[in-house]
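Novice: The listed protein sequences derive, respectively, from chains A and B. Here the first sequence stands for residues 0 to 387, numbered as in numbering that gives the first Met the number 0. Here the second sequence stands for residues 0 to 179, numbered as in numbering that gives the first Met the number 0.
One thing to keep in mind: the hints can contain errors.
[What the hints assert, rightly or not] Each computed BS3-like pair below joins lysine-lysine, with the alpha-carbon atoms no more than 30 Å apart:
hint, chain 1, residue 1, chain 2, residue 2
1, B, Lys64, B, Lys11
2, B, Lys62, A, Lys185
3, A, Lys185, B, Lys9
Just so you know, these hints were derived from the structure itself, not from any lab.
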Amino acid sequence: MKPADHIEQFLENMIVTSDPDRNSRMLAAVLQAQAEVNEKRPERKNPELWRTIMQSETFRISAAAVIVAAVLVSLTVLPTQSAYANIADQLRQARTFTFTWIKQTNLQPNDRIAVQVAYKAPGIIRTTTPDGLIGINDTAQGRMLILVPKEQAYMSADYKNMPKNQPDLTEYIRQLQNLPAEADEKLAPKEINGVKAEGYRIIKKDTIMTLWIDAGTQKLIQFEQEFPSSPGMNFILQDIRLDVALDDSLFSLTPPPGYKEVANVSADAAEVTEADLIAYFKMWIDVTKDNTFPPVFVGPEFRKVVMELEEQGKFARPWTQEDRQVLFKGGIFLRTIPEEDWRYTGQNVPFGDPERPVFWYRPAGSKVYRVIYADLSVREVTPENLPQ
Amino acid sequence: MLEDMILIWKFKQGSADALRTIYEKYRDVLLAIATALCNDIHTAEDAVQDCFISFARSGDRLKLKGSLKTYLTTSVVNRIRDGQRRSRYLPGRLENADPPASACETPDALAIANEQVQRVSNALAGIDPQEREAVVLRTRGGMTYKDIAYMQNVSIPTVHRRYRSGLDKLRVLLNGEADQ
Chain A
0 MKPADHIEQF LENMIVTSDP DRNSRMLAAV LQAQAEVNEK RPERKNPELW
50 RTIMQSETFR ISAAAVIVAA VLVSLTVLPT QSAYANIADQ LRQARTFTFT
100 WIKQTNLQPN DRIAVQVAYK APGIIRTTTP DGLIGINDTA QGRMLILVPK
150 EQAYMSADYK NMPKNQPDLT EYIRQLQNLP AEADEKLAPK EINGVKAEGY
200 RIIKKDTIMT LWIDAGTQKL IQFEQEFPSS PGMNFILQDI RLDVALDDSL
250 FSLTPPPGYK EVANVSADAA EVTEADLIAY FKMWIDVTKD NTFPPVFVGP
300 EFRKVVMELE EQGKFARPWT QEDRQVLFKG GIFLRTIPEE DWRYTGQNVP
350 FGDPERPVFW YRPAGSKVYR VIYADLSVRE VTPENLPQ
Chain B
0 MLEDMILIWK FKQGSADALR TIYEKYRDVL LAIATALCND IHTAEDAVQD
50 CFISFARSGD RLKLKGSLKT YLTTSVVNRI RDGQRRSRYL PGRLENADPP
100 ASACETPDAL AIANEQVQRV SNALAGIDPQ EREAVVLRTR GGMTYKDIAY
150 MQNVSIPTVH RRYRSGLDKL RVLLNGEADQ
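All chains, please: the whole structure from these sequences, using the hints.
Specialist: Now the structure itself:
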């Protein structure tokens with residue numbers, strides 16, 4: 000049988016196996032990971048096999064299961080949610096927060112970013128990365144200051160007319176301040192850093208949030224976010240403090256004395272255009288030795304990737320003030336497009352192929368998409384003819 | 000389905016046997032999917048191992064909304080995507096890796112099957128990544144168009160189009176290779 004003749008059947012039956020030694024090592028590593036988790040967790044009680052089964056979609060649609068579930072629910076003593084309700088209320092009313100924000104993808108051992116965050120209502124955020132980079136963002140004023148203490152340098156940025164409801168740290172804090180009055184599930188207690196914690200879970204469409212509250216002091220000690228569509232990736236908030244006194248100087252947008260300015264960028268979200276995005280790509284292509292498109296386009300990984308590329312010597316020259324301005328405006332343009340209306344496929348693609356799409360987006364109110372190709376040409380494409 | 004639910008329940012209680020059973024039940028299909036997506040058995044093995052280690056660490060925090068198979072498949076696919084985005088699992092040529100084994104019993108049949116797997120894998124590496132995903136997840140992964148659409152964040156008709164287009168291109172590539 001030739002694969003081309005029965006490609007679907009061939010793929011369905013395609014078998015790939017590891018050599019036995021490799022397979023044994025893989026399984027051992029997996030079991031070891033579980034053993035480490037088991038060591039840390041407290042004894043479980045009250046096995047909930049039937050609850051697990053009853054929660055599945057298949058059984059939920061069964062009338063019999065629904066009846067049994069109703070009986071089970073009626074027999075269950077609903078846990079008190081007063082601890083959770085108090086925390087949700089405290090978060091809602093808090094004027095300041097400090098916490099450590101951890102993002103991890105679980106792809107590799109060091110694929111984890113921990114950022115110290117201080118927030119002050121109505122919308123000033125100070126972030127400090129492990130490499131010492133400090134960012135102060137006043138969302139009300141539309142001003143941002145980035146400090147690099149070890150180089151005694153700073154970059155300032157002004158922006159205006161930013162669209163609302165874009166995913167950023169402010170939005171993340173907004174979610175934290177708008178938790179529902181009741182959690183969906185109370186979890187079995189567990190120990191976190193030697194502290195017995197009560198767990199509460201809230202399930203939204205694309206996010207699972209878990210709060211861990213100190214059983215003794217009733218304070219929030221950990222907040223977790225997981226994303227079912229991206230298994231393995233999660234955000235964790237630790238060292239959470241509410242309504243702490245934060246000195247105004249922490250949020251000052253005036254650079255400390257002695258710091259030198261390396262860039263001063265600005266953008267008006269109402270004025271940036273597609274040309275700014277193309278300029279972004281062109282700048283990146285020019286600055287990289289192999290003239291390729293960026294491996295990561297936006298998001299918290301961007302800076303990390305830039306640093307990795309710098310360490311690998313991938314850039315042909317140092318970044319200039321003009322480069323940073325171009326980067327900033329291109330990034331702001333992207334923030335004007337709803338996330339579901341654009342797509343980037345240019346990761347590490349070499350510059351030049353006029354048939355290779357690298358980015359497309361739908362301008363507001365438009366029925367057609369604008370597609371940018373690897374030679375930076377642009378064409379309009381109807382939705383049904385978008386690149387697959 | 001019920002078997003998986005019991006396995007998950009035991010796994011959440013910390014059972015190593017349940018984890019071992021889950022691993023052995025889904026390892027091969029995940030490895031086949033990962034290999035077809037990245038065309039390199041070593042990086043596919045890494046992705047599958049990463050997926051299971053992450054799964055093992057999830058412990059009693061694990062919360063499934065769909066089937067276990069879809070959950071694990073999504074996890075592997077995301078790892079392959081992330082790796083490719085960060086140039087970790089760039090689609091390679093299978094010739095650079097050890098040939099994948101097949102279930103054939105005789106050496107001749109094994110050689111033919113390996114050659115065919117290699118040709119198909121190389122052809123898969125030549126088509127668009129989204130189409131490749133749609134074809135592999137639908138055929139070898141046995142996933143529904145709806146699940147694939149959710150995973151790719153597109154509509155079901157788009158997935159269907161990617162699937163058909165991907166298959167057509169594969170046929171062209173494989174026939175073209177045969178004609179040479």
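Novice: Against the structure, test the hints numbered earlier, and report the numbers of the ones violated in rising order.
Specialist: Of the numbered hints given earlier, the structure breaks none, since each of them holds.
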